[in-house]
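S.K.: Residue-level listing of the chains:
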Amino acid sequence: MAQKYQKAVAVEKENIVVDGVDVSGHWNRMFEQRVIFEYTPELIEKIASIPNAESFANCYQCAKCVAVCPVDVVGNYGPRKLYRYAQTGMDLTEAPELWLCTTCANCLRVCPKEVNMVKIMPAAREQAILEGKFVPNELQQAFENTAKTGNPLGQPQRKRDAWIQSAGVPVPIIKDVGRPVDVLWYVGSYPSYHPRGIDAACAAARIFNALGIDFAILGKEEKDDADSQRLAGEKGLFEMMAEYNIATFNKYEWKEMVVTGPHELNAFKNVYPKYGFERPVVHYTTFLARHLDQLKPLLKHPVNKKITYHDPCYLGRHNGEYEAPRKLLEAIPGVELVEMQRNRENGYCCGGGGGGMWLDSFTAQHTTMRLSEKRAMEAASTGANVLAVACPFEVSRFTDAVKSTGNEHVDVLDILELLDRSMRGE
Amino acid sequence: MNIVVAIKHIPSIADDLPVKGNNVDFDSVDFVLNEWDEHSIEQAVLIKEAVGGTVTVVGVDLIGELDNALHLALAKGADKVVKITADDPAADSHQQAKWLAEAIKGMGADMVFAGVQASNDIDGQIGPMIAAYLDMPYIGGTSAIEVSGSTATVSKEFPGGVGMKYAVTLPFVAGVQSAPKPPRYAPVSKVRQMAQTATVEKVAPSGEASSGLAFKKMAPPVVTGHAEMIEGSPKEVAAKIVELLKSRGLA
Ligand code: SF4
Ligand code: SF4
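These protein sequence lines are chains A and B, in that order. Residue 1 is where the first sequence starts when you use the numbering used here, and the numbers rise one by one after that. Residue 1 is where the second sequence starts when you use the numbering used here, and the numbers rise one by one after that.
You can take every hint at face value.
Which residues of chain A face chain B? A few of them, derived with a C-beta cut under 10 angstroms, are: (1) V135; (2) L139; (3) E144; (4) T146; (5) A147; (6) T149; (7) Q155; (8) R158; (9) G233; (10) E234; (11) K235; (12) G236; (13) L237; (14) E239; (15) M240; (16) M241.
Quick list of in silico lysine-lysine cross-link-like pairs, DSS-like style, CA-CA up to 30 angstroms: (17) K223(A) - K190(B); (18) K133(A) - K181(B); (19) K148(A) - K190(B); (20) K190(B) - K274(A); (21) K148(A) - K80(B); (22) K46(A) - K181(B); (23) K20(B) - K175(A); (24) K296(A) - K327(A); (25) K80(B) - K133(A); (26) K190(B) - K251(A); (27) K181(B) - K148(A); (28) K20(B) - K148(A); (29) K269(A) - K190(B); (30) K159(A) - K20(B); (31) K48(B) - K148(A); (32) K133(A) - K156(B); (33) K235(B) - K403(A); (34) K20(B) - K220(A); (35) K217(B) - K159(A).
No lab work stands behind these hints: they were computed from the structure. Computed from a predicted model, the values in this text were never measured in an experiment. Beta carbons are placed, not taken as given, at the ideal position from N, Cα and C, and that holds for glycine.
Could you build all of it, start to finish, from the sequences and the hints given here?
M.R.: As structure tokens, then:
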């Protein structure tokens, strides 16, 4: 992106007279006084005055954030640049930049002034939505689907548990179990409906069965967590879904909730407590790593693959889980685990967070390449033939990305699928 | 400017359509707002924003769940909502048009909008019938409506990229094909606020009309053919396609 906003131009003078004395000379270059008054703080204040977006004004332009922002790698972005754009005429609530941040939190990790895009972006987007400003079409569709059908894909609620037919093992529905269970497994929307997500859900069901876990799912009562919709600015929708979900979770007795997706983990562990839900929730990688001693003897068949693992932003940076996924992969016989250059705390975002999952075509108009494509290329450059993931958004994103970047030889597989393959020898 | 929008609640086809006897099984299907009506609401709100006025949305409550659609309309910018309490999910569009016309009659509308058709019956009669009952002119298939004084400029699009503009004197009834912009998003917090605070005016259904048609049979479509995947290298596939086209007399 070229500089789009008004910019102060240095004006060079031929002659200059100070207090009546002509001080012009060929030996020095003379500039007009810097025109700092061309910049206005108004548009920065406009954002910083939105509740939760106050830290936007903290920026002192050190630029540490730009170096780690995944969007800047494929465009011109990062909190520092947004601040500068605002200073030179960009109203963030009306600019395309409003929708590009994935709330990956890498800038927050390095920012000395705690400029927090994970709070600023949802607040600014909410303001824009409430004021009836432009909302990208695909995102609007995901919001409407969530409100109407309970999931962003727009699939019928009645078919939410149709996937269990293909699991090949019993998947109990908590309503039918009629007794307390150890584990309530929250499957999630993409594992319930998306074909590649269903593969991971079936794998998880087989692993839980093999481990003898006393688990059940909510079945047709399960609805989307709506955390990404919240981050995309639809707080009202999030609250409506949270009220329903909390009431549903509390209808049943269970000891611990296991979630397939990092976004659901973030929702139930970090955000739902504000709405009165405080019960133990873990991601499946953490849960299975805890059962590693029982799991290891089941992993009988070698998976002879060179695997690189992509840290999901909402599992890693947002929730601090970097080791469990790697422990699980290393437990599979035959696996050679290699790291991409950007990993763990500095992991590169797949572009799916903060609503990015439903903004692909919009983002494509404002960046040189999809974030998932950039990451797929990084994965391929390690020489790996499997890109392992632990987030249901990622399987479909990276499957498309390896194809569009000519890296079809890299298989994109959820860790659940890899464990399942080692268990069953396929 | 007094704009009235007549809407229609229809069975959702997001899921397989359940059939009972010779009609839809109305008890096990969700009802949604007809897609073309979303456009006529948008068109009405755009005119209101441009020249001022009020937008009244009126619909037949077939299963007692129309409020959701009405709250949504309010959140998008409608000023007043009215439901005709019919509680008859099988009421056809001719009957609905009569009820709507009776309800709209006393409203003093400058313009009445209806979706040009609805996907449940593709009948397209609600707009024209309301126009006939109210003795107003009708223009259907609109893609943009702009108002200035007592005249509206109505755009229509025809196949082959041909567009036409009509000058129409108010009052009139329009069958909206699409609004000039995609229907706006109504944030859930606004819809919920409307649900808590807004009043939905109720009127009893009045008058009778019927299309005179009866369903003989309703059944989900039967899958008869399926696509044939041709395997092989691009060259082999091309050769097979040519062969197929020849064998079927198409080349
Ligand atoms: S790291 Fe923080 S203070 Fe530095 S430029 Fe970025 S947002 Fe501003
Ligand atoms: S949260 Fe991530 S995508 Fe957003 S500005 Fe910060 S580094 Fe960039």
